[in-house]
Amino acid sequence: MNPSRRTWSRRLTTTKDGSPTLEVAEWGVAYHSIHGALTESEHVFIDHGLELWWSENQEVSGRIRVLEVGFGTGLNAALAWQWAERQGIHLEYIGLEPYPLEPHEVITWTSSGLSKDLEWRMSALHEQAVEPNGFSADGFSAQILLTTLQGWKGSGTFDVCFFDAFAPAQQPELWQIGIFESLLSWMNPGAVLATYCAKGQVRRNMERAGWKAERYPGPPGKREMLVARSIPVSRWNVRCYALILNPARTHILVARERFPDGSVGCKFPGGGLETGEALVDTLWRECTEELGSSDGLTWLGHAYTNDFFVRSAFRDDEQILAVYHWMQADHDGVAWWDERPGTVASTEPLLEMNWEAVDSLTPDAMRFPIDRLVVGNLKAWMVTIQSDPSAG
Numbered sequence: 001m002n003p004s005r006r007t008w009s010r011r012l013t014t015t016k017d018g019s020p021t022l023e024v025a026e027w028g029v030a031y032h033s034i035h036g037a038l039t040e041s042e043h044v045f046i047d048h049g050l051e052l053w054w055s056e057n058q059e060v061s062g063r064i065r066v067l068e069v070g071f072g073t074g075l076n077a078a079l080a081w082q083w084a085e086r087q088g089i090h091l092e093y094i095g096l097e098p099y100p101l102e103p104h105e106v107i108t109w110t111s112s113g114l115s116k117d118l119e120w121r122m123s124a125l126h127e128q129a130v131e132p133n134g135f136s137a138d139g140f141s142a143q144i145l146l147t148t149l150q151g152w153k154g155s156g157t158f159d160v161c162f163f164d165a166f167a168p169a170q171q172p173e174l175w176q177i178g179i180f181e182s183l184l185s186w187m188n189p190g191a192v193l194a195t196y197c198a199k200g201q202v203r204r205n206m207e208r209a210g211w212k213a214e215r216y217p218g219p220p221g222k223r224e225m226l227v228a229r230s231i232p233v234s235r236w237n238v239r240c241y242a243l244i245l246n247p248a249r250t251h252i253l254v255a256r257e258r259f260p261d262g263s264v265g266c267k268f269p270g271g272g273l274e275t276g277e278a279l280v281d282t283l284w285r286e287c288t289e290e291l292g293s294s295d296g297l298t299w300l301g302h303a304y305t306n307d308f309f310v311r312s313a314f315r316d317d318e319q320i321l322a323v324y325h326w327m328q329a330d331h332d333g334v335a336w337w338d339e340r341p342g343t344v345a346s347t348e349p350l351l352e353m354n355w356e357a358v359d360s361l362t363p364d365a366m367r368f369p370i371d372r373l374v375v376g377n378l379k380a381w382m383v384t385i386q387s388d389p390s391a392g
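Take the sequence shown: its position 227, counting from 1, is numbered 227 in the numbering used here, and each next residue is one higher.
Rather than coming from a laboratory, the hints here were simulated on the basis of the structure.
In this text, all values refer to a predicted model and were calculated from it rather than measured experimentally.
Cβ coordinates follow ideal geometry from the N, Cα and C atoms, glycine included.
Possibly wrong hints are sitting among the right ones.
[Claimed, not checked] Below are the DMTMM-like pairs computed for lysine to aspartate or glutamate, each with C-alpha atoms no more than 20 Å apart in a straight line:
| id | residue 1 | residue 2 |
| --- | --- | --- |
| 1 | 222 | 47 |
| 2 | 116 | 138 |
| 3 | 379 | 364 |
| 4 | 267 | 224 |
| 5 | 222 | 92 |
| 6 | 267 | 359 |
| 7 | 212 | 138 |
| 8 | 153 | 105 |
| 9 | 116 | 131 |
| 10 | 116 | 105 |
| 11 | 153 | 117 |
| 12 | 212 | 131 |
| 13 | 16 | 318 |
| 14 | 116 | 97 |
| 15 | 379 | 352 |
| 16 | 153 | 138 |
[Said to hold, decoys possible] Listed next, with one range per pair, are the computed distances between beta-carbon atoms:
| id | residue 1 | residue 2 | range |
| --- | --- | --- | --- |
| 17 | 232 | 63 | 51 to 59 Å |
| 18 | 314 | 137 | 44 to 52 Å |
| 19 | 16 | 137 | 40 to 48 Å |
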């Protein structure tokens with residue numbers, strides 16, 4: 001359980017770039033990177049938050065709204081204020097902070113060795129911007145709300161989100177799908193969310209919530225960080241895939257294909273629904289196209305349809321709905337491959353099939369996230385399919 005607000009003991013410490021941070025003794029974690037507090041904030045939130053959004057929107061906007069999850073010491077907000085002055089843009093800032101620094105901690109923090117300019121900006125924010133007050137200066141306004149993200153109802157829409165909560169190990173509740181869904185609902189189209197965290201599960205949670213999440217080089221001490229974008233979906237792409245079992249039901253058919261972006265990877269046989277087609281018609285057509293024939297295949301039944309958001313790997317404005325069906329082959333007559341993807345020339349078309357053992361096939365062998373989920377559940381699902389020889 002996380003320590004309560006009353007038990008927190010925060011102490012000043014110096015990071016590797018010479019800038020200070022505060023450490024929470026009970027957790028053994030700091031508010032900023034020990035490899036450089038100032039360097040991390042500038043790299044993650046200014047360069048990959050504000051600058052990234054501004055580089056894509058400066059011709060259409062002279063105003064930017066920023067939401068920060070975790071106002072904390074106020075360093076990110078003060079840097080954003082400086083940035084707005086340099087750019088000549090009006091910046092409106094909202095920070096959420098349920099556990100603000102105590103007055104004596106503010107004094108210690110704002111006289112801790114950062115530049116005089118940053119120190120007075122952080123002092124102004126801590127002293128004047130906390131609700132019910134709000135702070136305003138030329139081209140900059142700010143308000144610090146003493147609430148959790150879960151307890152906030154939102155206020156307008158935002159262009160950039162600084163997601164600076166403590167790490168998932170300390171605050172797992174702030175890195176869940178529902179949190180990222182709420183944040184997305186408060187963002188303008190094209191908004192950018194920047195965070196220091198690069199965990200795979202966090203990225204997957206962002207994507208399931210509807211964000212397009214990408215890894216970027218991280219600040220010193222971290223190989224990567226995450227940037228997520230709010231990209232509206234304007235169309236559906238319905239896909240039908242075949243889970244084709246061999247006669248003994250010990251192996252499943254996997255395709256190795258060159259995709260539209262030129263990459264080579266593994267997927268299950270199948271493809272897109274065409275206008276006027278029924279789902280099963282798509283399944284049979286795709287099997288015929290990819291296998292050369294559908295002879296010897298028997299349809300067993302529906303296996304799975306994804307019930308979470310997945311954005312197309314090739315078109316940002318498309319949402320994928322993938323429907324999987326059990327099928328069985330009465331023969332093993334498909335092509336085997338010996339090459340690895342790296343040995344195939346990038347100019348060559350590629351579609352090859354292989355039987356893979358159900359017991360040894362792993363999710364990371366597959367190119368797409370829904371296929372990976374299916375592979376992760378195959379063994380459990382096979383209990384059902386093995387118990388009924390005629391249906392899925």
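Hint numbers not upheld by this structure, sorted from lowest to highest: Hint check: 4, 5, 7, 8, 9, 11, 12, 13, 14, 15, 16, 17 and 19 fail, others pass.
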